[in-house]
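These protein sequences, in sequence, are chains A and B. Residues 1 to 1219, numbered by UniProt numbering, are exactly what the first sequence covers, in order. Residues 1 to 300, numbered by UniProt numbering, are exactly what the second sequence covers, in order.
Bear in mind the hints are in silico, worked out from the structure with no lab data behind them. In this text, a Cβ means the ideal position worked out from N, Cα and C, and glycines have one as well. A hint or two may mislead.
To be verified - In silico DSS-like pairs for lysine-lysine, Cα to Cα no more than 25 Å straight-line: (1) A:K586 / A:K598; (2) B:K297 / A:K1194; (3) B:K133 / A:K943; (4) B:K258 / A:K1012; (5) A:K817 / A:K775; (6) A:K943 / B:K297; (7) B:K258 / B:K297; (8) B:K92 / B:K123; (9) A:K943 / B:K293; (10) B:K123 / A:K617; (11) B:K283 / B:K293; (12) A:K504 / A:K10; (13) A:K528 / B:K272; (14) B:K258 / A:K943; (15) A:K617 / A:K598.
Claimed, not checked - The following residues of chain A were derived to be distant from chain B, with all beta-carbon distances above 12 Å: (16) L273; (17) P408; (18) S412; (19) G474; (20) D511; (21) L977.
Said to hold, decoys possible - Sample of chain B residues at the chain A side, in silico, Cβ under 8 Å: (22) F29; (23) P31; (24) Q135.
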Amino acid sequence: MQSSPNMLTKFESKSSRAKGIAFHPKRPWILVSLHSSTIQLWDYRMGTLIDRFEEHDGPVRGIDFHKTQPIFVSGGDDYKIKVWSYQTRRCLFTLNGHLDYVRTVFFHPELPWIISSSDDQTIRIWNWQNRSLICTMTGHNHYTMCAQFHPKEDLVVSASLDQSVRVWDISGLRKKHSAPTSMSFEDQMRGSQANQPDMFGNTDAVVKFVLEGHDRGVNWVSFHPTLPLIISAGDDRLVKLWRMSETKAWEVDTCRGHFQNASACLFHPHQDLILSVGEDKTIRVWDLNKRTSVQSFKRENDRFWVIAAHPEINLFAAGHDNGVMVFKLERERPAFGVHQNQVFFINKEKHVRSYDFTKNVESPSMLSLKKLGSPWSPPRTLSYNPAERAILVTSPSDGGSYELVNLPRDASGAVEPTNTMRGTGSSAVFVARNRFAVFNQANQQVDIKDLSNSTTKTIKPPHGTTDMVFGGTGCLLLITATHVYLYDIQQKKQLAELAVAGVKYVVWSTDGLYAALLSKHNVTIVTKSLEQVSTLHETIRIKSACWDDAGVLLYSTLNHIKYTLMNGDNGIVRTLEHTVYLVRVKGRSVYCLDRAAKPKVLTIDPTEYRFKLALVKRHYDEMLNIIKTSSLVGQSIISYLQKKGYPEIALQFVQDPQTRFELAIECGNLDVAVEMAKELDRPKLWQRLSTEALAHGNHQVVEMTYQKLRNFDKLSFLYLTTGDSDKLNRMAKIAEHRGDMPSMFQNSLYLGDVQSRIEMLKEVDQYPMAYLTAKANGLEEEAQAILEASGLSEDEVTLPSMGKPTAIPKPVVPTFKTNWPSKSTGMSSFEKALMADGDDAVVADANGDAEEDLMGEEVVADANGTLDDGEDEDAAGWDMGDDSVADVEEDFVNVESADTGAGSSEADLWVRNSPLAADHAAAGSFDTAMNLLNRQISAVNFKPLEERFLEIYSASRTLLPANAGMAPLVNHVRRTLNETDSRRILPIIPRDVESVLTGEIAAGKNAMKANKLDDGAAAFKKALHLLMVNAASSASQAEEAAAAIQSAGSYVLAMSVELERRQLIGGATDLSSFDDETKKRALELSAYFTVPAMDPQHQTLAWFSAMNFANRNKQLGSVLGFANALIERGTNAKFKETARKLKAVAERQPTDAIDIEYDTFAEFTICGASHTPIYPGGEAPVSCPFDGTQYLPKYRGTVCKVCDVCTVGGGGSGFRTVV
Amino acid sequence: MDPFSADGELVNIHTAFIQGQYQLVLSDFDPSSFSESNRLPVKVLQYRAQCELGQASEVLSAISTADASGSPDLAAVRTYASSLGKGAQDEKVVAEAEKLSEEQGDNLTVQLLCGTVLARAAKQEQALQLLAKHQGSLDAVALIVQIHLSQNRTDLAVKEAKGARSFAQDALLVNLAESWIGIRQGGENYQKSFYVFEELAQAPSSAAATSLVAQAVSELHMGRIEEAETALNQALTLEPNNSTAIANKFVLETIAGKDASETHAKLQSVDKENEILTDLTAKREAFQAAMAKYNPKFEP
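Okay, chain A solo, but in the shape it has when bound (with noise of 0.2 Å):
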């Protein structure tokens, strides 16, 4: 017998007595009814409490939940049984007739029935729905202490201290009461005295069986949920269970060991255990089918009265002297352990079993544990050791256990595991690859093992572990109540510790460099060496966390998911229905075990917690990639990026234009503020933004606001310190115009205007300051007339003595001409990702086109024909390859007996294993490289291929470090990983074909948008170079390649015929100053540009460049064709419209001024290196065997110019990139 002081406890509640206690079959709500007369109604899962219920008098001992209506039941020590609505919080209706305390009340499982237990010695049978007593059985003769529906049959058990259990038959009732036919007379007889015996002394219930064995009175009764079993608890101490059959009952077996009145006792809904509880202030578990004890739990002062089992969830309740507590059995996390892309955990039956993320699929068990600690306990935690493909897994009972099994090659079922290793520990982990620590709590103690389970080191833990956990590689984290500490193996010292109280699971990073610290409500992100990073409280239970690839934590707590960024910043993901174990997050998918250990999928959004990642790694990218693919953008994310102060991306993402100006106010960005104030154009968005000019030295934008609101006296004070004296003068216009005097007076003022102050004073009748105004500045002539005017003499008149006036002040520097030099902020990233990303989707959308695929199928097609040759010319000669390396592999062998001399290198057995050019360079072997290249494609020129042979061969060896004193040993790096056949390892390639594609290839096109044709022909001449040295992992990467190829010399073509019409007239349009040759020849390569297949943006380009240069030197039938050409295939729609409008006027005249030799309508080739048409039917051109560029015959026999490898014409037995 064993005590377990750790009772699982999820709840308490502090009281009176709890006499009663029921379940809520959905909610987390449970009942209880104490003797104080009160009923309370909890949430044990948030530990608060919703109701109370206040209307017995006296101590309330019966109570139940209906299961499926929002009523319950109780029943008191007033003999009366109450039903209540929890809805409405009231007591709906009182049901009397007891005539003595009621002990328990319960309701039917389907019918609208109650049953009573009471004092009185009945057991009553009462309908809610028409509220009448329906039933009084009578037959014990003591008080009935517990009364209870059988819940599938017509059964009621009953207990009462005349110390027997009685079984009764109530099916007499159920007919009667559901099935109401036609009454015939003795129907309405009886149905007149209801309840009475009929006329053979039975009633609706009758006694089946009296069970008598107990000899003191029993307190608790009640049935098995699915078998024929009676569970009854007695004041004789004893639990005792009886089974019964359709005719008799009989006592099976006694449970000894409470030392007190037994109180209560229940049967496990799931599981063949027997709960019980006593005034020994014991709550015991027994084995059903042994009636042994397997766990008990001892409260120090409390008696225990009753016990209540949740129906569905591993869930029970025991009242006693102080209140209620709801506790589990055992532990419902599932142990696991995760490694890569598979998790290995410990079913409900003990078995061991793996899920695999990529293939999302459940291996059948592979072991069963089912002899791992006591069988009523569940392991506790598993690791895995990838090494030796073993398992650690620990077990709490005996205090402690630990087991090292090792995991069969395949499942094959859940076997009995061979030769394990097993001890005493608490905690038991793999620390390395062969070696564990094992944590025993009891004296303090961890023992580092190896796979032998022998002891290599002991460590003494800090005071207080509670826990050990793995702490990154050779380390261990040691977690007290209070404290983490990381702790060396090897060194034996700790390293680091952290305040963190109650750290209960410890979750690491897959790349092992942040471990999330989990506690009851707290979440701590630490780094590897235990540095804090970041915390959060949670005030829900929190169950289990894992990491995001990209370093986002997602924990689960009792109803969410929920995500915290390093930083700290958290929100919820989604919500859950059953508590569930996160396991692992990809993608869109979370992996988590359930409370039944069952592997599940859950999708979820990460968008939200992507992007803010993102955001704080600024990965402008990858923001943009979000907002365009989801429906992200919203206030809330528009709010987040302000907060957070990044007003100019959220800038980015806002239409509203008033929100706009907000952040571009707030973010200083004048123009978009400038774009979105005309928008609006309201007077108070103009004064900000006045003011914000005004401080960023923007004194254009400035005047602009201040003419928009109309504001004079700012302008022309604007206009002086600008220096703008024309803008001043004009303003002085406008003052006059308007009539505004003071405004005239400033504004001369300003302008230093002498003659115009003076008229303005004596219009207004200012002689005595006109005056004075025409002395100080010296205009003697005007101010004689002045006082002529006013009748006055010179000596009348006494002026303060005067300087000399003062001189205008000139504008020093113009400074009006421009804004105030700012620095230049430059686009932000995140607006250059977004200009880039835009271009490119053009070309996303015009790769959508149907004409491409078209076009593209057909190269596919072609290329297809020719590597289907390839291959079988090269077979042939490659058979011949094969018998030599079966040769050379006899040699070997030979070698092999041989004790001692050096054996052939790896590079070796590339050149013997493949066929490509690309495989003998890594090799080192360039003069066999050399030699395929020439036989497969003719190439010769192989000075443009030198970087890429000695890229290739540089990127195949290791240097890996061994003894000391020893020149490091070479390895060799290859790109078949899991090859260990030496006839098939083949080396590592670098640039692989994807790589040129998304690189070079990419570039060329993007540059030839950008109209940099240099640029461009280098990017795909270094594409085609690289590809000719290259190795390809599948036939279908082959055709790609094939296929870029071909797009890629047709490229340089073109891009070389246009790069030599510019150089012809050196970037003219008009060609009128050119002889008639070079005009011609110009207008030819103009022509011939579009010849060469290029995707349909570009032709398109090509197309309007060519008609535009038609245009301008009036060779208006060219320009009717590549309008047509541009108006049927192009894919730009301004374009269109030019063609459109050049075709109206083409049309009238459709000649050339000059004959060129073009001609829409035929089909034709560009010779590469004359550019020249070749026509079909003419003297067979000759071909480049690697990019296919067609030459006129003369060429025969030179380096073709496009790649500047082959020989134009030469034969070869076709360009290979599959070994």
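Since the structure of chain A is provided, determine the placement of chain B on it from the hints.
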């Protein structure tokens, strides 16, 4: 009792040496704190560590000719140290090593150090013969394994390691030797080797540039480019001028298709004799030679 065994006095300093923590070998261990019989091996290990740290001349000046003539161990160290100095592989040193190995072939230090000198002077057969005389020394086994591997005799190396595994079980050197072989063999063995290197490299007590480089190499062979880059950068943080690390970084960048010229230049500045560099120069010449056999005709 074998002083190098798990409980022996020398185990910690020896382990530190194997793990490439040479600075630790010098700083953390004081010969006088060891028992009488173990002082010489400690001193030898410290001299070797000094050599690894590029202080060969200090070692030479620390051991007088008289010391050397009195003790074969010190004589071997002297020979070894002089082989590292300027004009490293000159014949005199090799001859000295040969002489020493003939006279004192049973001394372990002589076996190891002279074996190394011989192997580096491309006299692998002689080195192997000398090393074959060892009496259960794992250092000797590790050296033999490496020599076999450098001769591309993986089969013999496997045999040697298997033999050692039978008497030394899980010793670090055996694990290392097996891992070196694993990187040659490939397939599943890459992963196994990786575990060993990673364990050494990631544990704070055993981390050293050497093991980080080894970890990176194993990751590189498994195609885990990014992880390998992380490990190499870690190694370079520890030892910014570790030429092997730089050389491997050059390889890695080439594989990843990045611009490796900067790393190439760095390698050149740190160690212009590096195998990769000399090899590349040789290959460039080979390319020119091979190219010269073809006569491309250009269109006039």
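Structure-based check of all given hints:
1. A:K586 / A:K598: 18 Å, holds
2. B:K297 / A:K1194: 13 Å, holds
3. B:K133 / A:K943: 53 Å, violated
4. B:K258 / A:K1012: The given pair, whose Cα atoms are some 23 Å apart, holds under the 25 Å limit.
5. A:K817 / A:K775: Not OK: K817 of chain A and K775 of chain A at ~36 Å, beyond 25 Å, violated.
6. A:K943 / B:K297: Since the Cα atoms of K943 of chain A and K297 of chain B sit roughly 13 Å apart, the hinted pair holds (cutoff 25 Å).
7. B:K258 / B:K297: 34 Å, violated
8. B:K92 / B:K123: The hint holds at about 14 Å.
9. A:K943 / B:K293: 12 Å, holds
10. B:K123 / A:K617: 55 Å, violated
11. B:K283 / B:K293: 16 Å, holds
12. A:K504 / A:K10: This hinted pair holds, its Cα atoms lying about 15 Å apart.
13. A:K528 / B:K272: Status violated; Cα separation ~37 Å.
14. B:K258 / A:K943: 22 Å, holds
15. A:K617 / A:K598: 36 Å, violated
16. L273: The claim holds: L273 of chain A sits with its nearest Cβ about 44 Å from chain B, beyond 12 Å.
17. P408: At roughly 17 Å from the nearest Cβ of chain B, P408 of chain A sits farther out than 12 Å, so the non-interface label holds.
18. S412: 21 Å, holds
19. G474: G474 of chain A is in fact no farther than 12 Å from some Cβ atom of chain B, at 3 Å.
20. D511: 8 Å, violated
21. L977: Non-interface label fails for L977 of chain A: nearest chain B Cβ at 6 Å, not farther than 12 Å.
22. F29: With Cβ-Cβ at 14 Å, over 8 Å, it is violated.
23. P31: At about 19 Å, which exceeds the 8 Å cut-off, the nearest Cβ of chain A leaves the hint on P31 of chain B violated.
24. Q135: 18 Å, violated
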